[in-house]
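Note that the protein sequences, when read in sequence, are chains A and B. Position 364 of the first sequence, counting from 1, maps to 364 under the UniProt record's numbering, and the rest follow consecutively. Position 185 of the second sequence, counting from 1, maps to 185 under the UniProt record's numbering, and the rest follow consecutively.
No wet-lab data here; the hints were simulated from the structure. Among the hints, erroneous ones may be present.
The list makes no distinction among identical chains, and a pair is therefore deemed to hold if it is satisfied within one copy or across any two copies.
Said to hold, decoys possible - With a straight-line cut-off of 30 Å between C-alpha atoms, the simulated DSSO-like cross-links for lysine-lysine are:
| id | residue 1 | residue 2 |
| --- | --- | --- |
| 1 | 157 | 65 |
| 2 | 118 | 65 |
| 3 | 110 | 165 |
| 4 | 284 | 300 |
| 5 | 309 | 255 |
| 6 | 196 | 65 |
| 7 | 169 | 300 |
| 8 | 300 | 376 |
Number of protein chains: 2
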Amino acid sequence: MKFLHTSDWHIGRYLHNQSLHNEQEAVLNQIIELALEHNVDALIVAGDIYDRSVPPATSVELLNKALNQILGLGIQVIMIAGNHDSHQRLGFGSNQMSNSGLHIIGPLTKTLCHIELKGKNSNAIFYTIPYAEPSRVRELFDCEVSTHEQAMNVLLKQIHDHDSKGLPKVVISHCFIDGAIDSESERPLSVGGADKISATLFEPFDYVALGHLHGPQYKGAEHVRYSGSPLKYSFSETNHNKSVTLVEFSCDSNKPEITLLPLTSPRDVRVIDGFLEDIIEQGKSDSNSEDYILVRLQDKHAILDAMGKLRAVYPNVLHLERAGLLANSEKTEIRRQHIKQNEMDMFSSFFTEMTGENLNTDQQALMGNLLEQLHKNKEN
Amino acid sequence: MKFLHTSDWHIGRYLHNQSLHNEQEAVLNQIIELALEHNVDALIVAGDIYDRSVPPATSVELLNKALNQILGLGIQVIMIAGNHDSHQRLGFGSNQMSNSGLHIIGPLTKTLCHIELKGKNSNAIFYTIPYAEPSRVRELFDCEVSTHEQAMNVLLKQIHDHDSKGLPKVVISHCFIDGAIDSESERPLSVGGADKISATLFEPFDYVALGHLHGPQYKGAEHVRYSGSPLKYSFSETNHNKSVTLVEFSCDSNKPEITLLPLTSPRDVRVIDGFLEDIIEQGKSDSNSEDYILVRLQDKHAILDAMGKLRAVYPNVLHLERAGLLANSEKTEIRRQHIKQNEMDMFSSFFTEMTGENLNTDQQALMGNLLEQLHKNKEN
Numbered sequence: 001m002k003f004l005h006t007s008d009w010h011i012g013r014y015l016h017n018q019s020l021h022n023e024q025e026a027v028l029n030q031i032i033e034l035a036l037e038h039n040v041d042a043l044i045v046a047g048d049i050y051d052r053s054v055p056p057a058t059s060v061e062l063l064n065k066a067l068n069q070i071l072g073l074g075i076q077v078i079m080i081a082g083n084h085d086s087h088q089r090l091g092f093g094s095n096q097m098s099n100s101g102l103h104i105i106g107p108l109t110k111t112l113c114h115i116e117l118k119g120k121n122s123n124a125i126f127y128t129i130p131y132a133e134p135s136r137v138r139e140l141f142d143c144e145v146s147t148h149e150q151a152m153n154v155l156l157k158q159i160h161d162h163d164s165k166g167l168p169k170v171v172i173s174h175c176f177i178d179g180a181i182d183s184e185s186e187r188p189l190s191v192g193g194a195d196k197i198s199a200t201l202f203e204p205f206d207y208v209a210l211g212h213l214h215g216p217q218y219k220g221a222e223h224v225r226y227s228g229s230p231l232k233y234s235f236s237e238t239n240h241n242k243s244v245t246l247v248e249f250s251c252d253s254n255k256p257e258i259t260l261l262p263l264t265s266p267r268d269v270r271v272i273d274g275f276l277e278d279i280i281e282q283g284k285s286d287s288n289s290e291d292y293i294l295v296r297l298q299d300k301h302a303i304l305d306a307m308g309k310l311r312a313v314y315p316n317v318l319h320l321e322r323a324g325l326l327a328n329s330e331k332t333e334i335r336r337q338h339i340k341q342n343e344m345d346m347f348s349s350f351f352t353e354m355t356g357e358n359l360n361t362d363q364q365a366l367m368g369n370l371l372e373q374l375h376k377n378k379e380n
Numbered sequence: 001m002k003f004l005h006t007s008d009w010h011i012g013r014y015l016h017n018q019s020l021h022n023e024q025e026a027v028l029n030q031i032i033e034l035a036l037e038h039n040v041d042a043l044i045v046a047g048d049i050y051d052r053s054v055p056p057a058t059s060v061e062l063l064n065k066a067l068n069q070i071l072g073l074g075i076q077v078i079m080i081a082g083n084h085d086s087h088q089r090l091g092f093g094s095n096q097m098s099n100s101g102l103h104i105i106g107p108l109t110k111t112l113c114h115i116e117l118k119g120k121n122s123n124a125i126f127y128t129i130p131y132a133e134p135s136r137v138r139e140l141f142d143c144e145v146s147t148h149e150q151a152m153n154v155l156l157k158q159i160h161d162h163d164s165k166g167l168p169k170v171v172i173s174h175c176f177i178d179g180a181i182d183s184e185s186e187r188p189l190s191v192g193g194a195d196k197i198s199a200t201l202f203e204p205f206d207y208v209a210l211g212h213l214h215g216p217q218y219k220g221a222e223h224v225r226y227s228g229s230p231l232k233y234s235f236s237e238t239n240h241n242k243s244v245t246l247v248e249f250s251c252d253s254n255k256p257e258i259t260l261l262p263l264t265s266p267r268d269v270r271v272i273d274g275f276l277e278d279i280i281e282q283g284k285s286d287s288n289s290e291d292y293i294l295v296r297l298q299d300k301h302a303i304l305d306a307m308g309k310l311r312a313v314y315p316n317v318l319h320l321e322r323a324g325l326l327a328n329s330e331k332t333e334i335r336r337q338h339i340k341q342n343e344m345d346m347f348s349s350f351f352t353e354m355t356g357e358n359l360n361t362d363q364q365a366l367m368g369n370l371l372e373q374l375h376k377n378k379e380n
């Protein structure tokens with residue numbers, strides 16, 4: 001049994017008002033090519049298929065096309081709903097689709113959902129746990145649980161108790177493992193840490209295909225693993241190496257071999273830090289100038305239309321941070337109550353606020369002259 | 001081949017802000033019972049499955065449940081997208097579902113879609129035409145069409161040319177046949193009559209399962225037929241007898257036998273016309289007092305909280321028309337510019353506006369006295 005583990009496709013997502021439809025299409029095509037190249041039996045998507053409960057129709061079309069291609073290659077698909085998905089919408093028609101090898105798991109059910117997939121060399125059993133609030137587990141199982149960990153314990157007990165007849169047990173879940181590293185683009189499942197689940201709960205299973213966190217990582221044991229998202233969905237993910245996880249169980253072992261297969265977006269998401277002039281100069285010879293970019297400007301002075309100037313070389317600058325100005329405003333503690341209403345004082349404090357420096361004697365003299373002239377003109 | 005023809009389920013629809021979810025659930029259950037009772041091979045739904053392109057999640061769940069039940073009985077389903085449906089959303093996963101006997105036809109494609117269904121006694125071929133704007137046909141087929149009729153001609157030609165090998169040809173379409181009777185609850189497909197299609201176009205086929213119009217009817221020939229919606233979706237449909245259409249082709253004939261099977265809603269939709277007092281009196285012994293009701297009040301005088309009084313006996317009065325007041329205001333042509341600012345004139349015109357009658361001499365005298373007293377009191 002050989003399969004690809006991926007998650008957090010977030011189809012329909014925007015990055016700073018920029019649609020990522022084209023990048024998503026490209027990266028889904030890469031996943032399909034990798035599936036074909038590695039001759040996998042199945043593709044697992046561990047939740048957050050869409051970015052929102054009602055995705056745009058074009059996103060629905062994109063997913064439909066990708067699934068048709070994958071299934072057309074004879075590769076079975078299991079996908080579960082994440083916290084971004086509408087479980088009912090995603091689950092529509094799932095009973096009818098499963099006959100064709102497309103297993104979509106929408107709302108959590110009381111009955112344990114287990115899917116035995118037949119591989120070319122061996123089989124495995126996949127246990128699916130779509131994202132569920134503890135309250136949903138409490139209601140379904142009529143039990144007292146308040147944290148995500150307690151709820152997961154109830155769900156995993158069913159899997160423990162299920163007889164897989166010696167076949168590898170693969171758990172698919174969308175949750176937050178305690179100690180794993182998050183990024184800025186995951187929507188918190190809960191506040192105050194009540195969403196954290198200990199990795200040890202998952203260790204007894206043969207492989208755990210997790211979704212929710214966007215950086216590929218394992219926690220507790222190598223087989224308890226997040227595939228991460230296929231694309232960088234925030235500027236906090238610029239250092240991620242995005243990938244899909246290839247998992248292979250050989251006939252005679254329940255210990256899988258795990259390989260990360262890199263994915264590349266046609267447009268990278270990155271941060272450029274520096275002075276305007278340098279950035280513009282470097283942009284002229286940057287072969288990836290169409291990347292999605294956050295610029296952190298170190299310049300300390302006000303710049304007219306910095307965004308326009310940057311976009312002349314980097315057309316997809318999506319966000320601009322004036323790190324230089326920010327640093328100044330942090331350094332200088334202007335006590336506003338001390339600003340006197342005299343013009344020279346007002347200008348002096350404005351100058352300090354904008355540049356982080358005090359007016360020197362020459363500057364003070366220049367400004368004094370200017371003010372004097374202005375007053376003279378007013379009097380005439 | 002024996003099938004039920006229905007259409008315009010509009011799942012998720014509201015009637016004057018009242019959700020019809022419960023009625024829709026009840027009537028879908030009736031359809032399932034009828035399908036079972038008549039031992040049909042298939043169920044055809046000719047468009048407008050949902051009421052809007054993004055239906056509520058509870059509507060998605062309701063449809064999913066109904067389809068699971070129907071398919072669980074071994075009955076195949078063909079449904080096409082209507083003008084209310086999002087074709088892309090409805091069509092998601094349709095390739096995967098068709099293996100299970102659920103044929104959902106979302107967006108129109110250039111390739112003719114024909115589905116041969118095997119019945120217990122004989123087979124038939126179903127040709128599906130989801131609702132499409134002429135512009136969509138123009139684009140797909142690279143042809144010059146501007147009206148719905150021209151577009152339909154292009155689509156039907158494909159069906160004409162297809163060899164059904166002697167099997168009955170059943171066309172499923174969502175459109176407006178010229179001369180057919182509409183109601184207030186259909187959303188017009190086009191303005192100025194460009195949506196009308198001649199029934200003669202459809203006559204050559206063995207059965208035409210139409211959707212769009214909410215009243216059951218045939219046009220041109222008995223086998224070119226609207227099943228109508230299963231529920232009354234507006235007060236203009238109060239006189240409709242809602243039904244599903246049972247269609248049966250025997251082994252040796254391509255002429256079907258057609259029977260209408262009545263459907264009843266747990267709550268009828270009706271109009272009550274009369275005077276407040278009479279309606280309240282009749283309501284006390286009305287065994288269907290929970291029906292959804294539009295009241296046309298004939299009373300000519302202002303009534304305090306008429307809706308509250310009516311709802312005490314008819315809790316589901318959804319709309320109130322003051323037919324009595326309306327009639328008056330139509331009869332009396334008060335020329336506002338002639339109203340003089342004298343108190344007697346003002347009251348007199350107000351009286352006429354409210355009652356439709358002029359003050360008689362006694363009333364004038366009474367009012368004159370009242371005004372006189374009021375002025376005296378003011379002076380004291």
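Quick rundown of the hints versus the structure:
For the identical chains of this complex, residue 157 and residue 65 are inter-copy neighbours only, at 28 Å across copies versus 37 Å inside a copy, given an alpha-carbon limit of 30 Å. Taking CA atoms no more than 30 Å apart as the test, residue 118 paired with residue 65 passes in both settings, with 24 Å inside one copy and 29 Å between copies. For the identical chains of this complex, residue 110 and residue 165 are intra-copy neighbours only, at 22 Å inside a copy versus 49 Å across copies, given an alpha-carbon limit of 30 Å. With identical chains, the CA atoms of residue 284 and residue 300 are at most 30 Å apart within one copy only, with a shortest distance of 23 Å there and 81 Å across copies.
In this assembly of identical chains, residue 309 and residue 255 lie within 30 Å of each other by CA distance neither inside one copy nor across copies; the values are 55 Å within and 74 Å between. For a Cα distance limit of 30 Å, the shortest separation of residue 196 from residue 65 qualifies neither inside one copy, at 35 Å, nor across copies, at 34 Å. For the identical chains of this complex, residue 169 and residue 300 are neighbours neither inside a copy (58 Å) nor across copies (77 Å), given an alpha-carbon limit of 30 Å. Taking identical chains as interchangeable, the C-alpha atoms of residue 300 and residue 376 are never at most 30 Å apart, the minima being 33 Å within one chain and 80 Å between chains.
Taken one by one, the earlier hints fail for this structure at numbers 5, 6, 7, 8, listed in ascending order.
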